[in-house]
Amino acid sequence: MVTFLQQIILGLREGSLFSLVALGLVLIYKTSGVVNFAYGNMGMFAAYIAYTVFAIAGLPLWLAVLTAIVFGFFLGAATERGLLRPIRHLSHSAMLILTLGLLMILEGLALEIWKQDYKPFPSLIHGRPIFIKFPQGRIILTRQDLLIFGIAAVIMLALFLYFKFTRVGLSVRATAQNETAARLMGIRVGTVFAFSWGVGTALSALAAIMAAPRTQINPNMMLDLQIQGLTAAVLGGFESLPGTVVGGLLLGIIEQFVARYLSEELKMAFALLIILILLLIKPEGLLGRRSAERV
Amino acid sequence: MVLEVRNITVKFGGVTAVKSFNMTVKKNTIHSLIGPNGAGKTTLFNVITRIVKETEGEISFNGKDLATYKPFEVIKAGISRTFQNLEIFKYMTVKDNFFVGHHGEIHYGILQEALWTNKVKNSEKKSMEKALEIAELLGLKNRLNTLAGMLPYGLQKLVEIGRALMSEPNFLMLDEPAAGLNPTETIQLKTLINRLRDDFNLTIFLVEHDMSLVMDISDRITVMNFGEKIAEGSADDIKNDPNVIEAYLGESKYA
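Here the protein sequences come in this chain order: A and B.
Residue numbering for the first sequence follows numbering that gives the first Met the number 0, starting at 0 and increasing by one per position.
Residue numbering for the second sequence follows numbering that gives the first Met the number 0, starting at 0 and increasing by one per position.
Honestly, I wouldn't trust all of these hints.
To be verified - Straight line, CA to CA, 25 angstroms or less: simulated BS3-like cross-link-like pairs of lysine-lysine:
{"no.": "1", "chain 1": "A", "residue 1": "K163", "chain 2": "B", "residue 2": "K125"}
{"no.": "2", "chain 1": "B", "residue 1": "K140", "chain 2": "B", "residue 2": "K125"}
{"no.": "3", "chain 1": "A", "residue 1": "K266", "chain 2": "A", "residue 2": "K281"}
{"no.": "4", "chain 1": "B", "residue 1": "K125", "chain 2": "B", "residue 2": "K94"}
{"no.": "5", "chain 1": "B", "residue 1": "K120", "chain 2": "A", "residue 2": "K163"}
{"no.": "6", "chain 1": "B", "residue 1": "K118", "chain 2": "A", "residue 2": "K163"}
{"no.": "7", "chain 1": "A", "residue 1": "K163", "chain 2": "B", "residue 2": "K89"}
{"no.": "8", "chain 1": "A", "residue 1": "K163", "chain 2": "B", "residue 2": "K124"}
{"no.": "9", "chain 1": "A", "residue 1": "K281", "chain 2": "B", "residue 2": "K89"}
{"no.": "10", "chain 1": "B", "residue 1": "K140", "chain 2": "A", "residue 2": "K163"}
{"no.": "11", "chain 1": "B", "residue 1": "K129", "chain 2": "B", "residue 2": "K26"}
{"no.": "12", "chain 1": "B", "residue 1": "K124", "chain 2": "B", "residue 2": "K94"}
{"no.": "13", "chain 1": "A", "residue 1": "K163", "chain 2": "B", "residue 2": "K94"}
{"no.": "14", "chain 1": "B", "residue 1": "K140", "chain 2": "B", "residue 2": "K94"}
{"no.": "15", "chain 1": "B", "residue 1": "K129", "chain 2": "A", "residue 2": "K163"}
Source of the hints: derived by calculation from the structure; they are not laboratory data.
My request is simple: use the sequences and hints to build the entire structure.
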């Protein structure tokens with residue numbers, strides 16, 4: 000019999016990866032107003048790049064990871080510049096549909112290049128797993144689990160400082176709030192969009208690499224995580240960075256409890272249902288701000 | 000001559016918003032652009048700030064051809080503006096709104112910021128001094144850390160003017176600055192606009208519907224109707240111009 004506390008720890012373990020995925024989604028949304036459905040698959044594609052550099056070219060792991068992250072940055076920036084900017088004046092739904100198209104293109108492309116079979120990918124750090132002992136049993140946390148947790152925390156903090164205290168961050172916030180005014184204040188709005196897409200997609204690459212030892216690299220590896228990341232973002236209010244991290248962790252815990260006490264197969268469905276109810280009660284998300292329009 | 004608009008035509012599909020429009024704005028004057036709703040005033044503003052592209056014609060600013068400018072470069076030429084429907088950054092503090100206005104003075108990247116170099120330090124200090132100076136001028140000094148969207152409407156309009164002033168423009172464009180202001184605020188605005196011309200040597204180009212304000216402060220007035228210029232001159236000329244009276248018939252506050 001696993002205890003309540005154990006469930007929470009296991010939930011946090013899953014949830015920290017959701018948070019990591021969600022942060023990049025939120026960054027892209029906050030800046031350009033686009034929910035990027037291709038986000039997960041862009042990370043997946045970058046993970047294949049890491050695999051190619053590491054397993055096929057035989058280069059060191061750190062170099063493979065770095066290559067994938069840099070690749071993610073340019074993939075994101077190029078997507079914004081080349082695909083989204085030309086249709087930005089049309090409508091938001093046009094951009095959403097485009098990201099859906101990109102999701103499928105990347106999946107097909109990955110299948111075409113690297114074929115069906117799952118590719119193994121090593122953990123970034125090794126070492127004895129940490130055992131937490133309970134009277135009823137024990138929980139195993141690998142070093143990679145802790146690393147994911149740490150990276151999510153560090154990135155949240157870095158993004159928070161970046162938005163709050165830097166002039167670049169200020170121009171990103173300005174662009175997000177009012178594109179026209181920002182442009183006339185001398186901000187190169189296009190560069191801001193491309194940069195945010197770049198950083199966001201680099202985060203997706205990082206998340207995919209962190210998830211890879213568990214999921215193995217395959218065209219669908221980020222499918223669930225994309226949905227879970229989106230859910231975490233919504234739960235957190237889609238604007239607030241701390242909210243996003245809390246949302247991810249909470250989703251992890253909710254899923255864990257659903258899997259344990261209701262149904263393993265339906266954990267995502269039930270988790271989404273619970274979130275739906277939460278959002279009915281608190282539509283601005285856990286830490287989101289209530290958008291009050293004053294006249 | 001600071002601004003010279005020559006033969007500007009703007010067409011949106013089949014609609015001609017501005018038709019072969021000519022006007023000039025002289026240095027260090029307050030120049031008002033008036034006309035009934037839909038006359039094309041804001042469109043002309045948008046052409047000058049490059050948000051809208053003209054179908055035909057030329058605009059020169061201090062001898063430079065504005066057609067070669069992109070919207071984000073207009074501020075570097077010395078042009079700054081406010082908007083008809085208040086385009087401030089509502090979820091930012093007044094201070095941050097002002098700082099965005101100072102964006103053109105930022106010549107460093109994120110890495111230098113992370114290292115907090117001397118260049119960054121000095122630049123931040125300069126922005127802060129400028130922000131304080133403008134807050135003082137506008138009476139917003141104890142509101143610097145308030146979210147702009149939480150302020151009363153009249154103060155939000157001042158925040159927008161303050162943000163426009165941060166870039167140290169020499170040409171300030173105000174799109175309906177008095178709209179939504181109460182009578183006291185309108186009087187304060189009048190004083191402010193006069194001060195900006197006299198103490199800060201600005202050229203002010205404004206669109207406004209409040210005729211008492213326009214007649215009071217303008218050195219020169221241009222009247223627009225259906226995209227065309229129908230009159231131009233001093234306040235007295237305009238008041239007695241039969242074309243203007245006709246265009247405004249029905250809302251003839253001053254006819």
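TODO: Mind checking the alpha carbons of K163 (chain A) and K89 (chain B) for me, to see if they're no more than 25 angstroms apart?
DONE: 15 angstroms, holds
Task: Satisfaction of hint between K124 (chain B) and K163 (chain A), Cα-Cα up to 25 angstroms - done: OK: K163 (chain A) and K124 (chain B) at ~17 angstroms, within 25 angstroms.
Task: Holds or violated: K120 (chain B) to K163 (chain A), with C-alpha atoms at most 25 angstroms apart - done: Given that 25 angstroms is the threshold and the Cα spacing comes to 16 angstroms, the pair holds.
Open item on the list: Checking one constraint from the list: CA of K129 (chain B) to CA of K163 (chain A), max 25 angstroms. Satisfied?
Closed with: 20 angstroms, holds
Open item on the list: With the threshold set at 25 angstroms, check whether the alpha-carbon distance from K266 (chain A) to K281 (chain A) stays at or below it.
Closed with: 22 angstroms, holds
Task: K281 (chain A) paired with K89 (chain B) [C-alpha distance capped at 25 angstroms] - done: 22 angstroms, holds
TODO: Please work out if K140 (chain B) and K163 (chain A) have their alpha carbons no farther apart than 25 angstroms.
DONE: 21 angstroms, holds
Open item on the list: Holds or violated: K124 (chain B) and K94 (chain B), Cα atoms, limit 25 angstroms.
Closed with: The given pair, whose Cα atoms are some 13 angstroms apart, holds under the 25 angstroms limit.
Task: Distance restraint between K163 (chain A) and K94 (chain B), which requires alpha-carbon spacing of 25 angstroms or less - done: Given that 25 angstroms is the threshold and the Cα spacing comes to 13 angstroms, the pair holds.
Open item on the list: Given the hinted pair K163 (chain A) and K125 (chain B), is their Cα-Cα distance within 25 angstroms?
Closed with: Within the cut-off at roughly 19 angstroms; holds.
Task: 25 angstroms Cα cutoff - pair K140 (chain B), K94 (chain B) - done: 10 angstroms, holds
TODO: Take the C-alpha atoms of K125 (chain B) and K94 (chain B), compute the straight-line distance between them, and say whether it is at most 25 angstroms.
DONE: Judged against 25 angstroms, a Cα distance of about 13 angstroms means the pair holds.
Of the numbered hints listed earlier, not one is contradicted by the structure.
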